[in-house]
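Put together the whole structure using the sequences plus the hints.
Here are the chains, one letter per residue:
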Amino acid sequence: MQAPDEAELIREARGGGRSAFAELVRRHHPAVVGLCRSMLGDAEDADDAAQEAFLKAWRSLSGFSGGANFGTWLYRIASNQCLDMLRARGRRPTQSLDALVEAEAPALEKVLGAGAPASDPVEAADLAKRLLATLPEEQRLALVLRETQGFSYEEIAETMGCSLDSVKARLKRARETLAKSLRHFSGPPNV
Amino acid sequence: MKHDEIRERLHEYADGELDAAAAAAVAEHLAECSECRAVLDAWKRLSQNLFQALPAPEEAFVGRVMARIAEEELELDRAPSSGGWWLVPAFAAAAVVSLMWWPGQTSAAEDPLSDETAWELSAQPTQAEDVLDVAAGERP
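If you're matching them up, the sequences are chains A and B in order.
Using numbering that gives the first Met the number 0, count along the first sequence one by one with no gaps and you end on 190.
Using numbering that gives the first Met the number 0, count along the second sequence one by one with no gaps and you end on 139.
Simulated from the structure, these hints should not be mistaken for lab results.
Heads up, some of the hints might be wrong.
What the hints assert, rightly or not - When the alpha-carbon atoms are kept at most 25 angstroms apart in a straight line, the in silico DSS-like pairs for lysine-lysine are as follows:
1) K43/B - K109/A
2) K1/B - K179/A
3) K179/A - K167/A
4) K1/B - K167/A
5) K109/A - K179/A
6) K179/A - K43/B
7) K1/B - K43/B
8) K1/B - K109/A
9) K171/A - K1/B
10) K43/B - K171/A
Claimed, not checked - Listing some non-contacts, in silico: residues in chain A with all C-beta distances to chain B over 10 angstroms:
11) A6
12) A21
13) E43
14) T93
15) A98
16) L170
17) L177
On a predicted model such as this, the values are computed, not experimentally measured, just so you know.
For each residue, glycine too, the CB sits at the ideal point set by N, CA and C.
Structure (structure tokens):
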């Protein structure tokens, strides 16, 4: 049997169809949870944020315009949820990027140095989360949407509610910052 | 385009965000400039080794979300008989007041805004909407 298309699922879910909504959650949760993990770092917080995002989506489905991109709409809810949680946490003192790079030099060498593809994916994921945590929230979100979700600049702009120029600037700053600090491990300096 | 201009747009090129003419100019430059090639190669390696490694979530997540939806709906169904019906106008009034304090705030999820200020506003908590939803007993 052919899987129902997304528009059909949305129509059913808007009418209160829980099984249709469950299918939408099934299709989108890897990306939503991945986004929340990249933004929040902590797996448990990320799970909570993603659950809240889906609950908000369920409650707001009646107001969702069928013409809009459901994925982008959903990721925007999730992004806002993550930012709400980050603000609620307050400004936790995070390790600076330079301090993190210095403290984790052996691990970074293992993950990014020669022969890196054979590195432990769990260790790499942990480093990625900690490196991302050192970036300003808007830069982090833009980079996560691009690098882990494969969003186009237009989709990032729609998700973040900003201009294309802002997306370009945020991505550029985030990449420059990381590349500069990790130049000893990943290659040439000054992106 | 000159080297510096190309350098500024290297990532847009790699991300497939340039138009055909600009992409061709960057590709031509990359064929000759080892420095720009090295910059892109370094980022590609960093991206592949770090960001692709983020773990995938487990399937049980779907069950947890649906269980919470069922739980919430059950609570909403019970709400009128629990004696808390008088809270509905109170919550609605509180929500209206909080929205009046926040004239730029609309549904962050439904109305993409278009500039930096809007991003800041739209990223703010959406509790007011939640209160309205709950107060109205709204369900899709």
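**Message:** Given the hinted pair K179/A and K167/A, is their Cα-Cα distance within 25 angstroms?
**Reply:** 18 angstroms, holds
**Prompt:** Would the pair K1/B and K167/A pass a check requiring their Cα atoms to be no farther apart than 25 angstroms?
**Reply:** 19 angstroms, holds
**Request:** Report holds if the minimum CB distance from T93/A to chain B is greater than 10 angstroms, and violated otherwise.
**Result:** Check passes; 17 angstroms lies beyond 10 angstroms.
**Message:** For a C-alpha distance cap of 25 angstroms, please report whether K171/A and K1/B respect it.
**Reply:** Holds - the C-alpha atoms of K1/B and K171/A are around 19 angstroms apart, at most 25 angstroms.
**Prompt:** Given the proposed pairing of K1/B with K109/A, does the C-alpha separation stay at or below 25 angstroms?
**Reply:** 36 angstroms, violated
**Message:** Please verify that the nearest CB of chain B lies beyond 10 angstroms from A21/A's CB.
**Reply:** Check fails; 5 angstroms does not lie beyond 10 angstroms.
**Request:** Verify the proposed pairing of K109/A with K179/A, using a straight-line Cα cut of 25 angstroms.
**Result:** 18 angstroms, holds
**Message:** Given the hinted pair K179/A and K43/B, is their Cα-Cα distance within 25 angstroms?
**Reply:** Status holds; Cα separation ~14 angstroms.
**Item:** Pairwise hint evaluation, K171/A against K43/B, where the allowed Cα distance is 25 angstroms at most
**Value:** 14 angstroms, holds
**Prompt:** Non-interface claim for E43/A: all C-beta distances to chain B beyond 10 angstroms?
**Reply:** 12 angstroms, holds
**Item:** Check on L177/A being off the interface with chain B, judged by Cβ distance over 10 angstroms
**Value:** Contrary to the label, L177/A does not stay out of reach of chain B, its closest Cβ about 7 angstroms off (not over 10 angstroms).
**Item:** Pairwise hint evaluation, K179/A against K1/B, where the allowed Cα distance is 25 angstroms at most
**Value:** 23 angstroms, holds
Hints 8, 12, 16, 17 from the earlier list are contradicted by this structure; the remaining hints agree with it.
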